[in-house]
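Participant: With the hints as your guide, set chains Y, P, L, V, G and C onto chain R.
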Amino acid sequence: MFRNQYDTDVTTWSPAGRLFQVEYAMEAVKQGSAAIGLRSKTHVVLASVNKASSELSSHQKKIFKVDDHIGVAIAGLTADGRVLSRYMRNECINYSYTYESPLPVGRLVVQLADKAQVCTQRSWKRPYGVGLLVGGLDESGAHLYYNCPSGNYFEYQAFAIGSRSQAAKTYLERKFESFMDSSRENLIKDALFALRETLQGEKMTSSICTISILGAGEAFHVLDQETVQRLINEFEIVGEEPPADEAAAPDAEAAAEAATEGAAPDQGAAPMDI
Amino acid sequence: MFRNQYDTDVTTWSPAGRLFQVEYAMEAVKQGSAAIGLRSKTHVVLASVNKASSELSSHQKKIFKVDDHIGVAIAGLTADGRVLSRYMRNECINYSYTYESPLPVGRLVVQLADKAQVCTQRSWKRPYGVGLLVGGLDESGAHLYYNCPSGNYFEYQAFAIGSRSQAAKTYLERKFESFMDSSRENLIKDALFALRETLQGEKMTSSICTISILGAGEAFHVLDQETVQRLINEFEIVGEEPPADEAAAPDAEAAAEAATEGAAPDQGAAPMDI
Amino acid sequence: MFRNQYDTDVTTWSPAGRLFQVEYAMEAVKQGSAAIGLRSKTHVVLASVNKASSELSSHQKKIFKVDDHIGVAIAGLTADGRVLSRYMRNECINYSYTYESPLPVGRLVVQLADKAQVCTQRSWKRPYGVGLLVGGLDESGAHLYYNCPSGNYFEYQAFAIGSRSQAAKTYLERKFESFMDSSRENLIKDALFALRETLQGEKMTSSICTISILGAGEAFHVLDQETVQRLINEFEIVGEEPPADEAAAPDAEAAAEAATEGAAPDQGAAPMDI
Amino acid sequence: MFRNQYDTDVTTWSPAGRLFQVEYAMEAVKQGSAAIGLRSKTHVVLASVNKASSELSSHQKKIFKVDDHIGVAIAGLTADGRVLSRYMRNECINYSYTYESPLPVGRLVVQLADKAQVCTQRSWKRPYGVGLLVGGLDESGAHLYYNCPSGNYFEYQAFAIGSRSQAAKTYLERKFESFMDSSRENLIKDALFALRETLQGEKMTSSICTISILGAGEAFHVLDQETVQRLINEFEIVGEEPPADEAAAPDAEAAAEAATEGAAPDQGAAPMDI
Amino acid sequence: MFRNQYDTDVTTWSPAGRLFQVEYAMEAVKQGSAAIGLRSKTHVVLASVNKASSELSSHQKKIFKVDDHIGVAIAGLTADGRVLSRYMRNECINYSYTYESPLPVGRLVVQLADKAQVCTQRSWKRPYGVGLLVGGLDESGAHLYYNCPSGNYFEYQAFAIGSRSQAAKTYLERKFESFMDSSRENLIKDALFALRETLQGEKMTSSICTISILGAGEAFHVLDQETVQRLINEFEIVGEEPPADEAAAPDAEAAAEAATEGAAPDQGAAPMDI
Amino acid sequence: MFRNQYDTDVTTWSPAGRLFQVEYAMEAVKQGSAAIGLRSKTHVVLASVNKASSELSSHQKKIFKVDDHIGVAIAGLTADGRVLSRYMRNECINYSYTYESPLPVGRLVVQLADKAQVCTQRSWKRPYGVGLLVGGLDESGAHLYYNCPSGNYFEYQAFAIGSRSQAAKTYLERKFESFMDSSRENLIKDALFALRETLQGEKMTSSICTISILGAGEAFHVLDQETVQRLINEFEIVGEEPPADEAAAPDAEAAAEAATEGAAPDQGAAPMDI
Amino acid sequence: MFRNQYDTDVTTWSPAGRLFQVEYAMEAVKQGSAAIGLRSKTHVVLASVNKASSELSSHQKKIFKVDDHIGVAIAGLTADGRVLSRYMRNECINYSYTYESPLPVGRLVVQLADKAQVCTQRSWKRPYGVGLLVGGLDESGAHLYYNCPSGNYFEYQAFAIGSRSQAAKTYLERKFESFMDSSRENLIKDALFALRETLQGEKMTSSICTISILGAGEAFHVLDQETVQRLINEFEIVGEEPPADEAAAPDAEAAAEAATEGAAPDQGAAPMDI
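Residue numbers (this note's numbering), protein chains in the order written: chain R, 240 to 513; chain Y, 240 to 513; chain P, 240 to 513; chain L, 240 to 513; chain V, 240 to 513; chain G, 240 to 513; chain C, 240 to 513.
Since the hints were derived computationally from the structure, they do not count as laboratory data.
Quick reminder that beta carbons are idealized off the backbone N, C-alpha and C, glycines included.
All clues stand as given, with none of them false.
In the DSS-like style, the derived pairs of lysine-lysine whose C-alpha atoms are separated by at most 27 Å in a straight line are:
#1 K304/Y x K354/R
#2 K354/Y x K304/Y
#3 K364/V x K364/L
#4 K300/R x K280/L
#5 K442/P x K290/P
#6 K354/G x K304/L
#7 K442/V x K428/V
#8 K364/Y x K364/P
#9 K364/L x K354/C
#10 K354/R x K364/Y
#11 K364/G x K364/R
#12 K280/Y x K428/Y
#13 K364/L x K364/Y
#14 K364/C x K354/P
#15 K300/L x K414/G
#16 K354/Y x K364/V
#17 K364/C x K364/G
#18 K290/L x K428/L
#19 K442/L x K414/L
#20 K280/R x K300/Y
#21 K290/P x K304/P
Distance windows between CB atoms, simulated:
#22 S292/L x S340/G: 31 to 39 Å
#23 W363/L x R325/V: 34 to 42 Å
#24 A455/C x E465/G: 21 to 29 Å
#25 E475/P x S446/V: 30 to 38 Å
#26 S417/C x E465/G: 17 to 25 Å
#27 E441/R x N329/Y: 47 to 55 Å
Next comes chain R alone, as it looks inside the complex (with noise of 0.2 Å):
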């Protein structure tokens, strides 16, 4: 690939007006396991593959409770993740010190996002390489939103984000229509058959995913194994092959970019987890 003098730098734009070095960290995102979200009028589920990375441990942390009406789903780097969820966190808390009522969800999504945009912004720091599915219920109902490393979010019914997301968006756009006024249950098992899709055929079990829910009446927690791995059963969600020329894109791309980058150690060992 022709060296481009333009992307090592946070801070300087290209000739087209790029920000490559944003564009990079979103890559990690896109190379992190698979995050999704989706609502009704009162409900947000947020779910994520959770592989373990081998069986002495446990799977890492993708979803974190932020306060009873707030959590967040990540996908990319887990430390960049994690650290951000802390800061929603402690928003949260000198919030209801302050106000004694609930910080609404895009409040907090909007001063999340700000805090991205600053590490786009100067030469010493670099952008987050975290994309964050946001799912809150305040006044104004329930809500989910993207935030991306470029300090940019979106609202959404439903969101997929992570490696091999386009599947479970695909699920998602066929059935989004429906989740405004779906059941709790419905919502939950949409949820696992969009996850379903993220996974290439790969058994569904409720050791590689982790579930939450947050509703009227029930505040922000992650379901329990037993709980997922019945819901898997009730539904009978398996993997299933994808269809070959889907699933065959997205990795050529992967083996090309890796083929182009130097010095790369083995993908295989997912050294950051992302």
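Facilitator: Chains Y, P, L, V, G and C in isolation, oriented as in the chain R frame:
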């Protein structure tokens, strides 16, 4: 392209007295989705193209309320635009708290421009990658300003920025003499017609544009989608294929630019939503 | 062009004892639209070419009032010029607040020059890219100074800066001996004639120039467009084709310079309004 | 190897969304001498290979007591590990001083991870070059965490890090199901067997390993050398030649890596004791 | 020219123990217009060549009053010289305010030299590009110092700096033995004759030179132009063609230097007035 | 040698997880003149080779008293060693002032190591280029530590650092088992014999070595030259030609290293006295 | 010469453990004019070559009084030397103000060396380019130290630094045994003879050297020129052609060094007076 040693650092002058990094940041504005502003003696209309990135998401906010008497439409890096509009909001609040009167629009525009200028003269920062159409109403009447990444600002009768804005500017230049005495409704109509020019034949619907208005006795607000759709129908605005020569030129240009940059991720993915 | 290792950093001397970055910043002044100043014993006239970038916009302000007794006309980066004129305004306010008398012009000019010098001796800054013609009236009479990006200033009887200013300088040199005792009206007339010299045959109208005056008993103010047009008509000033050899030279030069720089966006777009 | 422009600066993303400097720091952990941790319901055992660099020296400390209820075993840069364990010690002291109760293990591990994350996002620092196995006992039982240079942490039933840790991990994976209800003695025994796996046939003696234990009613402490030797004898643990194919692979890999770096001093000298 | 890796950074030593950036800054002094100083027991005369850059301008000030008993003539970057002479002025004011006696000349010269030295030992600054001839009178008599960009200073009986100063130095060396007991008038006469030597045959007039004097009972002041012209006439000083070989050498040298630097703007324009 | 892009910056990791700048700093220790330490139960002896650089000079101090109960011998950059021993002195004074008891040796050694670690993790510093043998006596007996530039430290029974220290280490390894119960005199004798091993056949005299001792009831002090000479005579220590193969190896190595570096001044001049 | 990547930054170690920038700074000392120091039991004589750069100037001061009991002679960058001797002066004043006794020489020398060391360990500074011979008298007798740019210092009976100092060192080595009991006059005589050795056959006169003395009952002072000339005459010291081989070597070396550096201005001009 010949390698240019003067264009990677915002504090480096080229031999011909240019600051390339500032010019590149202005390219980011050109890549953003289009925004349009126009004003009569008493009203300002700000409009923007606002395609949602997927069916699942609401569109991203490109028009922000700053105060009852000031609004802003942006093109370029949304995160930069959001941070700047928050700055404007704070300035308005502080001013009205201190002086018990609304901050004059021209004054705010100068402060905004000064903030942008600082980012063109410090080596550890980067110029903002966003253009802002600031509409406002104060004792001196209705105003429309354009603030650009270089720290410059201009007052306009009507203006369009962002991708394919040239077609809209052509429309506005043909019509602007009538704007000064235009009615509120005609102003909105012209905004919609101008916006249509940027769509390259795509069908105009209320779901891909945002219209906001501000006027004597009418605080800045965004029109709801139904109203916009009703107006579109009423005015029989539909997209039409622009003349081939006009449309082809910018695209060819963009393609050429893209070709000269290495490591460019798929532009269609529009990763920073500019 | 041979690559020069001494010209990208403002704190790096060339072997011949030059600071190229400062010289390049002075190029920015030459690229800006023309500004002219001249003075009699009692009056100072500042004038500038002020073409609006489109029919839709008012022209950009190139002449700023600093105080009742001081005004400034700029050529080069408008944003830098605006920031510096704000600095001057603040200095005047502070001085008159402290000493209850207007700030002497020469003193302000030195402070302005010192501010510019600092930007030529810190690695994290860049020299200002703007030239300022400072006109003022104080106890020692009427003054005209030119402050340039290097931190130098010069006192002039009459001067012209910016693009094609050489023709205006030639005019002023032919006439300057009469300026000292010139009447207010003749001073304005000469300003208009000198300005016409920079237009390369373009028709002179009040819409493409700004004239300001300051004199004994007459606070600094910009003439309104009607007055300017009346004077243009009265003096029968029209543009005339300049001799081919004079006009061609700078353009060829500019073209040559542009050709040597890579990645140069369309210069016609004049993105930074220099 | 092709020169990689994205791998010398910790704040530079690669086009594929990776932070090479963080990955390289994780290599330092792999080069360090092996450390092993495992836990039952009530006890945690931390063990490390600890060859003295010469007969003249005592071995270097690789296991540190943090508090009565927390200990840590490191692999990688010892100096970084020591500085981090001192940090942990201070946090424990401050917590128990303020709250009069021991700092929960999980909480300390998060603070430690956050400290590591900061070093991956500042251009003037470097990521820590050390992995830490943190063993602790609190109200929620016995815990074993692995903190890595990326700012991530993982909870484990049993884990091994450092050079040739793969063989130990294989041993632990075969056995871990029995650990939860293991007796104190069996836990130590398994630690010794796992440690032996990393020795590549070298004879196991108390002089080349350190074993520490922490449990209900038993503050964190390192076993004295006599006890360790007695256990080795008791369990008849001796080193055995590992199967050729397993052992050869990592070495060949290491040799390949060494060959690609210029100016590499003799690796046998292990100059930084990683 | 061979690329030199030791000459772009003021804090980098060359292998031969030289600081090239400091030497290059001293080149700036050589490029500046000539300045001359000489002294008797009781008087100091400072003189400089002062060609106005155009008929329209007054010449640029090259001689500054520091205090009643101290004056300075500069060669090189005028802006640097002005900033340093302001520093000297402040030091004099502070001293006399504190001690109620004038600041001894030698002491001020050391402070000035120390200020210059600092700029040769910080990576974010650059050495000053100006040489200063400091003339002063205190209890120890009349003094003449030369302060140079390296932070060194020298005491002189008479000295000349700037472009073509070698001819003036030759004149002064021929005559200096008589200076000590010279009368005020003869001192001025010799200054004018020495200055003429730097003019390369150009006619000497009061409009291209400045003469200042300081002596027992005579505060530092610049002679008015009439007086200077009267003296020129009285002494029958006219320029004369210097011997071809002497004059040619520096020019050829300058041309050679200019040729070795890329991107050099027209030197005739003398943009920084060095 | 192949150019290595990972070895010029202390905060840059190599792909194999090494910090080359830290390793290079450790080379400085190897280039310094030899230092030796050994201890019995009750005494510590520190010794160093101390050739004066010329007949005119006294030798440079390589052994420093830190406190009555602590001394240090250095190899490498003397200036770095002196600064660090001053730091140790201050720590001892502060501790005994605060706690009215001597600072435990191990504690001081950790503080020293932490100070060195900081210099390996800040981009604007460099690792210290000195190794320190710290001898001390406290309630836990006599101690000998080696602190190295990486921020690591090791406890030793006996150790040697600096140029040709391998021969001394071989001697010490042969003998160290007897040191623990050695008498004060035998300890000194062994130090002298070990030191002799580093001399490559040069005659041992009191003028080229320094011997210091610290013990129960004997504050740290350097033996005077007469005593040392008396002991040398008494022990009949003379230098002897080391076996050719041992001696040749390091020299050839050193020559090879020197040959790979450009611009190396004469090494015989030993300019930094390492 | 092969380009060396380790020699432009003071905080970068070479693979062989050297700091080239520090070594290069020591070259600056070698290029400076010679300085000599020698001492008896009761007196210290400091002498330096001090050629005025022109007939017009007094020579530059190379010997500075620090206090009544301390003086310093420098070789290398005079500005650096002056700044350091001012530092020493301040330290002496502060000490005697606080303790009412003179600052011991050795203590001052260490402080000076520590100040120099700091400049070898910060990336934004450069090592001082000056060597200092510090002579002093305190309760422990007369002392002569040499402080060098590396932050090292050495005590000497007699020493010479600067250009062609080798010849002087040879003289001093031949004679130094008699210095300890030398009379004041003989000490001065030997200083003059040693100085003559550095002159390469140039005639020795009082105008090209400075002699200073400090002794029991005799505060540090510089001998006046008449006294020095009288002594020269008395001792019949004249310069003599040094043996061709000795003299040629350094010159050839210098020429070779100069040839390897690009862009080197005329060395004869000695611009920094080193």
